[in-house]
Each structure stands twice: as C-alpha cells, then as structure tokens.
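*Asks:* Sequence:
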Amino acid sequence: MSRVRITLRRAGAVTALTAAGLLAAAGAASAHVTVHPESYAKGATDGLLTFRVPNEEDTASTTKVQVFLPTDHPVLGVLVSPQDGWTPKVTTTKLKTPVKTDDGSITDAVSEITWTGGKIAAGQYEDFNVAFGQLPDDTDQLAFKALQTYSDGKTVRWIEAASSGDEEPENPAPVLKLTAKGTDEGASSTTPLPATSKSSTGTKATASSSDSTARGLGIAGLVVGVLGLGAAGFALARGRNGGTPAE
5 MSRVRITLRR AGAVTALTAA GLLAAAGAAS AHVTVHPESY AKGATDGLLT FRVPNEEDTA
65 STTKVQVFLP TDHPVLGVLV SPQDGWTPKV TTTKLKTPVK TDDGSITDAV SEITWTGGKI
125 AAGQYEDFNV AFGQLPDDTD QLAFKALQTY SDGKTVRWIE AASSGDEEPE NPAPVLKLTA
185 KGTDEGASST TPLPATSKSS TGTKATASSS DSTARGLGIA GLVVGVLGLG AAGFALARGR
245 NGGTPAE
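Here the numbering used here is used: the sequence shown runs in plain steps of one and ends on residue 251.
Calculated from the structure, these hints are not laboratory results. Errors might be hidden in some of the hints.
[Said to hold, decoys possible] Here are the simulated SDA-like cross-link-like pairs (lysine to any residue), alpha carbons at most 20 angstroms apart as the crow flies:
id, residue 1, residue 2
1, K98, P74
2, K68, T159
3, K93, A126
4, K123, Q70
5, K68, G157
6, K123, D62
7, K100, H77
8, K149, T95
9, K100, T111
10, K181, H77
11, K149, K185
12, K158, Q70
13, K181, D144
14, K149, A35
15, K68, D156
16, K46, F136
17, K181, L52
18, K104, L80
19, K104, T49
20, K149, V160
21, K46, A184
22, K149, T120
23, K149, L80
24, K100, D141
25, K98, L80
26, K149, A135
27, K185, P41
28, K149, D76
29, K98, T75
With the sequences and hints as input, model every part of the structure.
*Replies:* In structure tokens, the structure reads:
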C-alpha cells in the first residue's frame, strides 16, 4: 500500500505543477498591450485604432500609458477620443520626409500620446481610442511601442519586435498589419470593438474574461488533471490485484 500512496502523491504533484504552469502561461498571454483591429488596408482613411491595456500587477494599478507612433511611416490626422478619468497629451514631431497628399505636403505628425490621471486596477483593462485620417501605404505593418507605468513606480516597456519564425518576445510592441489595397482584409477581418462613446471609451472589464487562449489553456489543465487521476487510479487497482494471494 505504501507504493500505491507514493504513486498517488506523485500523480497529484505532476497534475498540480502542470495546471499551475498552464495557468501562469495563460495569465502572461492575456497581459499584453494590443492594438485593435489587428489589420487595416494600406492607405486606409478615417478609421479608428483602439489600444487595449490590461493591468498585469496584483498589487498595483496602471496610472500612465504612453503610445509611440512611428514617424518613418507616419499616421496622419490623429485625434484622441475623450476618456473619463484620463488626460491625454499629444506630442507632434517634424517629419524628416514630408508626406504628399491631395491637400498639400504634411510636415508634422503625432509621435506620442500619453494618458495620465486615470487608474486601471488589478484584473481590469482600459481601451484607449485614437482616430486617424490616413494610414501609410508604403509599409506592411506599423509597430506602436508602448510604456505602461504602475502606481508602485514600475514601468513595463512594450517595445520588442518579433523576428520571423521566432517565438513571441516577452514584451511585444502592439503591431498593426497593413494589407494590400482592395483586399477583403482590414478592419472587418477582426471582431469590431464598441463604437466610440462615453461608456465604451472608458470600458473596464476583467482581462481574463475575454481571453479565449487563457480559457483553452485552463481546459487543457483540467484534462491533464483528469488523466493524472486516471493514472493514479490504475496504479491503485494494479497494486491491489498484485497483493492478492493465489488460492
């Protein structure tokens, strides 16, 4: 019976460790700063970008969010949506190469947007909406580096770029893919977010509630647990049969 108890303890330990690892991975996956929709057509006009910022700390709140817009492929006509509790600051930069448009050459573009004054509590996220007049048509993607500052002074730098074929970096920058003009891809290729309004611009919710990946990993953890308990039961039955004296 001592051998059976050891087997049961080992099976329980493996199940617990596996489930804990899967849940930790799910939490990490849901904590990234992202941009929505995931893609737009090159040169798209009069659209909306939403930067979703989850709070990844259990003991601190997010109190400052900075998003940096690329100036080598500038986004033109940027406007910031009003946000309850948050005060935006928009910084513009003179472009090295002016952008020619039907209305003339554009020499300045927004390079940074900073939101302060609000708070994102643990287990919640905030959506920050940014309207644009026109996206560039000379690149396949736009990376928006972001900084997330917490009430305890910690700053997470979402600035890492993923290399082709490599695993996702620990702190990836939000990336917007730009598809060929005239294709069906673009803003309609992803699930749309709520329209800009007083209630939707300040939407807060539990970060894990909308993360399908986290749910999938949680289910996988339960499956592993069931398999582990099944193996332990099999070992118990085998041990009992092996200890029965022959008649």
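*Asks:* Now, for every hint given, state plainly whether the structure supports it.
*Replies:* Comparing the hints with the structure gives:
1. K98 to P74: Satisfied, since the Cα-Cα distance of roughly 12 angstroms is no more than 20 angstroms.
2. K68 to T159: Holds, because 9 angstroms separates the two Cα atoms, which is no more than 20 angstroms.
3. K93 to A126: violated (24 angstroms)
4. K123 to Q70: holds (14 angstroms)
5. K68 to G157: Given that 20 angstroms is the threshold and the Cα spacing comes to 10 angstroms, the pair holds.
6. K123 to D62: Holds, at about 14 angstroms.
7. K100 to H77: Since the Cα atoms of K100 and H77 sit roughly 11 angstroms apart, the hinted pair holds (cutoff 20 angstroms).
8. K149 to T95: Answer holds: K149 to T95 is near 15 angstroms, not above 20 angstroms.
9. K100 to T111: Given that 20 angstroms is the threshold and the Cα spacing comes to 8 angstroms, the pair holds.
10. K181 to H77: holds (13 angstroms)
11. K149 to K185: violated (25 angstroms)
12. K158 to Q70: Since the Cα atoms of K158 and Q70 sit roughly 14 angstroms apart, the hinted pair holds (cutoff 20 angstroms).
13. K181 to D144: Holds, because 6 angstroms separates the two Cα atoms, which is no more than 20 angstroms.
14. K149 to A35: holds (15 angstroms)
15. K68 to D156: Holds, because 11 angstroms separates the two Cα atoms, which is no more than 20 angstroms.
16. K46 to F136: holds (13 angstroms)
17. K181 to L52: Since the Cα atoms of K181 and L52 sit roughly 14 angstroms apart, the hinted pair holds (cutoff 20 angstroms).
18. K104 to L80: The hint holds at about 11 angstroms.
19. K104 to T49: holds (15 angstroms)
20. K149 to V160: Answer holds: K149 to V160 is near 11 angstroms, not above 20 angstroms.
21. K46 to A184: holds (6 angstroms)
22. K149 to T120: holds (17 angstroms)
23. K149 to L80: holds (17 angstroms)
24. K100 to D141: holds (17 angstroms)
25. K98 to L80: Given pair K98, L80 holds - Cα atoms ~12 angstroms apart, limit 20 angstroms.
26. K149 to A135: holds (17 angstroms)
27. K185 to P41: holds (16 angstroms)
28. K149 to D76: The given pair, whose Cα atoms are some 14 angstroms apart, holds under the 20 angstroms limit.
29. K98 to T75: holds (9 angstroms)
Checked against the numbered hints above, the structure breaks hints 3 and 11 and satisfies the rest.
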